[in-house]
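There are 2 protein chains.
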Amino acid sequence: MNQDTDFLRQAIALAYANAERGGRPFGAVIVKDGKLIAQAVNEIVGTKDPTAHAELLAIRAASRYLDSASLEGCSVFASGHPCPMCMGAMRMAGIEAVTYAYSNEDADPFGLSTAEAYADLAKPFEEQSMRIRHLPVRLEGEPDLYARWQQRR
Amino acid sequence: MNQDTDFLRQAIALAYANAERGGRPFGAVIVKDGKLIAQAVNEIVGTKDPTAHAELLAIRAASRYLDSASLEGCSVFASGHPCPMCMGAMRMAGIEAVTYAYSNEDADPFGLSTAEAYADLAKPFEEQSMRIRHLPVRLEGEPDLYARWQQRR
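So the sequence lines, in the order shown, correspond to chains G and P.
Going by our numbering, the first sequence opens with residue 46, and the numbers climb by one from there.
Going by our numbering, the second sequence opens with residue 46, and the numbers climb by one from there.
Here chain G stands alone, though its shape is the one from the complex (with noise of 0.2 Å):
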């Protein structure tokens, strides 16, 4: 738990370090079997990136130290409450374990909530803001798309 404490500690030391260079506030760090293997910031002010988010970041790097898509026993630790974005993320590589200091409800007053966002994306897709919209086109003459993927795998 006390190391727990410290990965926690060393993600909002970067969420400090980028906020006192205009960055947004934002840091996280990757732990496995007990090391450091990944870290990042929010890069989304120096980038124009909106995926920029410090967690998926750190899981881009992670992968990259790992040479493996599969972040299996590893945990993240975040500043802040991960966005809708960065918690399917994590749970799409396998992430065990993720940990955060600040939550949606200290993020609101300074407009750095996502907790409209995943209020949005709970809701059944006809009711959501953005439009979701299934069209079942298939392109004529062709085998179906999954099963040409699982025969030439």
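Honestly, I wouldn't trust all of these hints.
Copies of the same chain look alike in the list, so a pair counts if it works inside one copy or between any two.
SDA-like mimics (lysine to any residue), calculated; alpha carbons at most 20 Å apart, straight line [what the hints assert, rightly or not]:
#1 K93 x L111
#2 K77 x R197
#3 K168 x S115
#4 K93 x R197
#5 K93 x S115
Bear in mind the hints are in silico, worked out from the structure with no lab data behind them.
Chain G is fixed; fit chain P onto it per the hints.
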């Protein structure tokens, strides 16, 4: 609607081409004001980056094209049902609409469905397969992280 079908066909054609090259069978294009501004395929196999989904890479390409982290007014056309990470990324980037052709039901027999991840992420944090913890750690002697960020902006 016909133009929408054409954009969806382009996304599907990208998915077929990626499968032929040994990649995963997913493609996506992004459209603004009726014009295709970005396209991408799933690059996980080649890069071992677990975030290299077609939609996420298309978002990154569109933000570079527009030189903006906001993709307001943009629509995504994806060959397959977007995963939770990509759905979150699109929602957070301000994407207006997303249209997909192959459903999770189509994908399920091939192990490509994200329905299980959706169901897991929809549960309360304490019931999800990934362990999610909130530890309200703070750095001693520092002002509040988010208040400090607001002062520095």
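Enumerated hints in conflict with the structure, sorted upward: 2, 3
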